[in-house]
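Colleague: Sequence:
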Amino acid sequence: MDEDNRTQMQLDKHSIQIAKLFSKIDDTNGCIVKINNSLLQIKYGVYGALGFYVITQIGIMEALKIV
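According to the working numbering, the sequence shown is numbered sequentially starting from 1039.
Calculated from the structure, these hints are not laboratory results. Model, not experiment: these values are computed from the prediction. Worth double-checking, as some hints may not be accurate.
Claimed, not checked - Using 20 Å as the maximum straight-line C-alpha spacing, the simulated SDA-like pairs for lysine to any residue come out as follows:
1) 1072 with 1082
2) 1058 with 1069
3) 1062 with 1074
Let's have the full structure, built from the sequences with the hints guiding it.
Modeller: What follows is the structure in structure tokens.
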């Protein structure tokens, strides 16, 4: 009987630890999504800056002829 109690206690302990790990995985996935969104903002900011540079350097009509 003592062996059964100890096994049950270990099983409960492992269940709690697994639940904590899954919670941390969810938190990590949320952080990865935020990082991805930040990188997308940076990417499109660079695209906008390049577009602005092209338009200001060669003019809007010439830029439209290139595209």
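Colleague: Hint by hint, say whether it matches the structure.
Modeller: The hints, checked one at a time:
{"no.": "1", "hint": "1072 with 1082", "verdict": "holds, 16 Å"}
{"no.": "2", "hint": "1058 with 1069", "verdict": "holds, 17 Å"}
{"no.": "3", "hint": "1062 with 1074", "verdict": "holds, 18 Å"}
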